[in-house]
Each structure stands twice: as structure tokens, then as C-alpha cells.
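*Asks:* Residue-level listing of the chains:
There are 2 protein chains.
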Amino acid sequence: MSNTIKIKEVKAFIELLGKAVAAASSKIDSIMSGVMVVAEGDEINIRGTDSSISVEASGKEITETAEQVSFVVPAKIFLDMMKKLPKGDVELAMEENRLDIKVGKSTYGISTMDCDQYPKPLQVEEGTTFKVEGTMFAESLACVAHATADNETRPILTGVHVLSNGKYLTLIATDSHRLSAKAVPLLAETEEFANVVLPKSAVKEITSILSDTDEVEFSITQNQLACRTEGLVFATRLIEGTYPDVTRLIPNEFENEVVVHRDEFLKALDRTKVALGKDKVATFRVVSGTLPTLNIECKTEITNIFEELFVDEAGSNDLSIKLNVHYLIDGLNSMNSKKIRLQFSGALKPMLLKPEIEGSTQFGLLLPVR
Amino acid sequence: MSNTIKIKEVKAFIELLGKAVAAASSKIDSIMSGVMVVAEGDEINIRGTDSSISVEASGKEITETAEQVSFVVPAKIFLDMMKKLPKGDVELAMEENRLDIKVGKSTYGISTMDCDQYPKPLQVEEGTTFKVEGTMFAESLACVAHATADNETRPILTGVHVLSNGKYLTLIATDSHRLSAKAVPLLAETEEFANVVLPKSAVKEITSILSDTDEVEFSITQNQLACRTEGLVFATRLIEGTYPDVTRLIPNEFENEVVVHRDEFLKALDRTKVALGKDKVATFRVVSGTLPTLNIECKTEITNIFEELFVDEAGSNDLSIKLNVHYLIDGLNSMNSKKIRLQFSGALKPMLLKPEIEGSTQFGLLLPVR
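Residue numbers (this note's numbering), protein chains in the order written: chain A, 1 to 370; chain B, 1001 to 1370.
Because the hints were derived from the structure by calculation, they are not lab data.
There may be inaccurate statements among the hints.
Ranges of calculated distance between the beta carbons of each label pair, as one might list FRET restraints [claimed, not checked]:
| id | chain 1 | residue 1 | chain 2 | residue 2 | range |
| --- | --- | --- | --- | --- | --- |
| 1 | B | Asp1270 | A | Gln123 | 37 to 45 Å |
| 2 | A | Lys278 | B | Asp1270 | 34 to 42 Å |
| 3 | A | Asp270 | B | Gly1315 | 56 to 64 Å |
| 4 | A | Ile28 | B | Ser1211 | 36 to 44 Å |
| 5 | A | Gln123 | B | Glu1301 | 29 to 37 Å |
| 6 | A | Gly359 | B | Lys1011 | 36 to 44 Å |
| 7 | A | Val287 | B | Asp1114 | 33 to 41 Å |
| 8 | B | Asp1114 | A | Asp150 | 36 to 44 Å |
| 9 | A | Ser111 | B | Ser1211 | 40 to 48 Å |
| 10 | B | Thr1283 | A | Asn97 | 17 to 25 Å |
| 11 | B | Asn1003 | A | Asn252 | 27 to 35 Å |
| 12 | B | Asn1003 | A | Arg248 | 51 to 59 Å |
| 13 | B | Asp1270 | A | Ser208 | 35 to 43 Å |
According to the in silico footprint, chain A covers these stretches of chain B (three or more CB under 8 Å from chain A) [as the list claims (entries may be wrong)]:
| id | segment |
| --- | --- |
| 14 | 1010-1022 |
| 15 | 1084-1092 |
| 16 | 1204-1210 |
| 17 | 1270-1279 |
| 18 | 1296-1307 |
Please read these numbers as outputs of a predicted model, since none were measured by experiment.
All C-beta atoms in this analysis are idealised placements derived from N, C-alpha and C, irrespective of residue type, glycine included.
Isolated chain A, as found in the complex:
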């Protein structure tokens, strides 16, 4: 049958489909809530796109078809059905306005959408290029992304800022209450650039599609960042506007520094979070001495917390600062070192968090709550 796609590798097909589905729009009345599948011979190509990102995933010897078959079906339900199929040989058969998934004697039909209305395949435009180790770039984006703004009052802050100094990329996210940054080495000589701001959806997609890749080359134009890897073309619209200069926010002189054990500190903050309930702010106090401690104090209508953590090292200036406990937990969770250095510049100045690892380029910054 010429209108039939035989799926030879169901698992590989689902993996490919998943990459495209992640890019599809969640607006169910849009053609972009569908994925477009084009199969010819032993090649399969699946596309997903919404208004800001698009993915084209392709593979060989996953499917087999006599003639070219193409269709657009609702993305999410197609993926869900494919994942739940019983064991057996799977065939996709095009009927009029319907795709039938056939396994054994059972048939799962899904209404198709109009192929002609589906957006054209994306182009990787030529522009400034840079090369990075894919896995490291994806992981670093995931590390900083928690600090992006949720609300759209300043759209530019909902994205991750990518800058190049020619030798490495700096990734920055801030919602103006906290900031997260990390550097990623560039694998080849690169132009300096700034103001490349990736939308959150693109960060999520890159984290997933590049999680297990080596060298990846990206290309940037005025409005777009794109990459092409084996079996994958990805592009995202960039957020327009000028990303604020955050360098003046970052203190470089400190009144005191302490080194804490990350897991122990996180457990204490988890207790504090429970005790705080709807409140979010606790006081953190550095107490120097022969056995220096970092104390956590907070008081709500029904709870009253005093927690004392021994720290590895501390300077001699006692100080206290009020911080958002949820933001602090996010910051610590984004760092995977056993120990974390906290750098204080005073009660009303930003606090820095740094993984206590030689050569680490990551840091977090929390503005105090007044």
C-alpha cells in the first residue's frame, strides 16, 4: 500500500517524535498544535513549531514506505497514543482526513490537519557562528534558567542572555531579585557579541535535544539562533530589546565569606520553608568565633525558627541579611558542588553564591529583602 508507513523501530520513532512534539504549540485550535510527518523510502522527517521555536527531527531506517507519505496530526495525542501501543508491528495508514495507527487487529485513528497550512520548513540562516560542546551548553543553560523572570512586565528578563567575549560564552538570567550566571568555553575562534536573548521555551528545548551531543555549531542572525546536528535542525526566535547591564550589580568586595555544606544547608532551608508556610523571608546571621556558625532565624504567626549551622570557614565580621528562602534553595540546587561559598557585602547589598570548586565559572546572586 502506497499510503502506508511501516515503523521498523518504534522506540526510535517515539524519540524522534518527542523532539518535534516538544516544539509544537499548546494552543489546540492552531495548525501549529500539530506535527508534520514526511516519510519517503527509509527516511522520516518530523517537524514541530510554535510562534518562537521550531524543530525538524529526521532519521533513517526507522520507517519504510513505498512512496512519499506526509500528514499533519495533533502533536500531543499522537505522541501519547504511540507511547501506549501494545506490542506488535506498527503501521501508519493514511485514510481520507484520518491517520490510522494499526497494531495487530486494532486500529487507532486520529483526524489529520491540512498539510498545506503547515508552516514551511525552517531555514538555518547564515550569520555569526559559534561552536560549543553541546552537552555542556545545554547543562549550563539549565543551570541558570531558574533565575529568569516569570512575569512578562519586562519581556527581556524572561529569557537567558548569551554573550561572547571571543573565548567563552557567558549565560546570564535575572528576574531583578536574583541572578544566575555561568560561562561556557568556545571551541573555536569567535566574534564578540551580546544581546542574544533566548526565550525560556528555547532553553527548555535545547536542554532536551542537546543533552547528549558533542560539538555543536550555532548560527546567530538579528532575530534567530539556529543549530544543525545529526538528524536535527533547531531554530528559535530571539527576544528583542537590550538586556540590562548587570555587571555593576555584582559586588567584588566582601565584608564576610562563609563556606557551607550544600546538602546540610538545603535540608535546613527545607525545614525553614515548611515553618515559613506562605511567608518566604528568613534572616541569615553569620556569627564568627572559634566555631563560626551561620544561623537561620524566622518568625511567623505560628512558628519561630532558630537554626544553627556550623560553617567551614568564616571571616571576623558578624552580619545579618534577610533573604528569600525559595530563591536561595533554587540557587543552591543549580550548583552541584559539595560545598558552597557565600559572600556577603552587608545587610543591604547583594549576596553571592559560588560552588567551592577550583575554576568554577558559575555564580548566583541574591538581592536582600528589605
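Add chain B to chain A, keeping to what the hints say.
*Replies:* Frame of chain A, contents of chain B only:
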């Protein structure tokens, strides 16, 4: 210090506390959102109650105190804090209007509530008694509970009906669209009774507190069911009213019966559920022959399912019936046999589900959707 409780067994204390907290009210402005703790010598007693159920959990050698100490604190936050404590010796110290949980050099304070306002300890009233194997009673209640009504239009249907014929208890739940029933043998001679209707909250509590018990004696009065086991007194208000007679609903002549493999059937229903989306009804068709099948058919705006399952045995009368797929999944999930017998009496008559196990007393009933 006379106002201090030393916790010797933190894990056992949390377990005891959990039983009482489960009975506490979720209305946070009520004194019943608290648990009352009374400690004296090496004995501890923790009480939780809301408007319908109450639990008194007690233990020995879990705590130690010089004099009697008693307090009421918000239930949920107390349990949450106790569960998240760091390692170390734990002490509970009563301060004015505050309970301090002390571990090492850290202190977690919780505001206390007025002990005098806390409801009096519950009494197990004398009445009709029955003895059952605790674990089996708890498990059987859990099996039938899914079929209770969620909405309060007919309050009596939100509970589980318990009847005695002198030799065994019958547990029945129905929301008038489906029904679930199971029998539990009585361990001693018992009066016949009916109209003992347990609220859903009581069923949940019994399932948790009796999950690992042998013989348990219950006592029933006009308004209350209570039991006393080692370290535990439990009582629940009964739902007032007359439980409807459901026996006439249950067919005893069948047009056809099929035996299905439970897991395979559940997987097919799971796919059907995905394909149905917001819809809930599918058509089930029994097709006899040398290789009899049970077919599932459903059609929505975007999907079209035809699923064919081979069945172990089937009679010769082909028939089809429309059923709520979610209810059918609930019914199958409540049965733990490998095979299930489905008994059909026609397109407009209830369908029965029975575990295909010798001597099983459990069954489910689904009314067809018209």
C-alpha cells in the same frame, strides 16, 4: 526540666503522630486542626479529631518526661517539622504559648493552642459488637471505596454501607452509576445488622490504621462505630439515613460472559482513555466465534478507536454495551486477580465484573450509558 518531653524513638513518635494528624480537621481556624499531646512518665498519648472521626494513639517508652506535659499544636505543620528534623536527640519543651522542638543547638518553635478548648477524649460506647481480621477489613474497605459518590446530593451514597448477616459482613459502595461490593468473614457469632454507613474519611483512616492488625473488635451504636486496638482508640460518626436496597439492581441471569486478562484489558482501556480525551464513554462489543473477542470502539472529534482483545471464553450471544471507561478502570483496579469475568445481561442492563478466583466474594457493577 519538668516541662520537657524527651523523644527516645523519633521514628515511632512520628508514626504515632501521623495517625492522629490524619484525623485532625483541615479547617485551619478550628481548634480541631490541632493535635493534643499528653505525656506522662514513659507514656505518650496523641489525639486528633474532626467533626466526624477521632483517633487516640498511644505508646510506651517512645518518650520520657518527669511530670505530665500536655499541649495542642497545629497538626500538619507539627508533623511536617518532625519529619524534617536533622539527626540528633530531640526534645519538646513547653514555653508560654509555644512548643519548642529542640535538636542540637537549633530550635523550631510552634505556637500552641488552648488545651481547655480541645474536645474531650472519645469514649467507646457499648453496643452491637463484631470481630474481624483487621487487615482484611481495611483492605476490603479500600477495595469498594472507589465507587462511593463524590457529590453530596445524596449524602448516604458518599459512605460505605456495612451489613451483617451474622456470618459475614457485606461492604457496599455505589454512586448510582456503579457499585462495588465485597464480603468479610466475621470471626465470632454476631447479630444481624444493616444501615451502618461509614463516611469516606473514616474509611481512609481505617485503611491506614488497621493495615497491619490481626483480630479487631468493633462496637456500633446508633451514631457511632468504634474500635480499640493496641495503642489505638478510633471512633467515627455514622452517616444518618437509610441506605438504598441495591439487591434488585444486581442481575442474576446473563446473555453472555467473557473472561479477560486484567492487565491487558487495563492497558487497552488506558489507550482508550487517552484517545477519548474529555469524553468518557466507549462501546464494548462481544464477538463470539472460534476465537471470540471483546472489541472496544469509540469515536471523538479527532480520534477513532477500534481495539480487539482476545478473550479466554465467551458465550454465543453477540452484544454491545456503552460504558464509562473511567469507572471500568476503577473497577478493574480494585480487583487483584489475573483474570476477570465480565457478565452481560444486555445493552441496557448492568454489567458485572468478578475476579476469576475460586470463592471470591468481590464484585463490581456498571450501569450502561444510554
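*Asks:* To test your reading of the hints: which numbers does this structure violate?
*Replies:* Hint check: 11, 13, 14, 16 fail, others pass.
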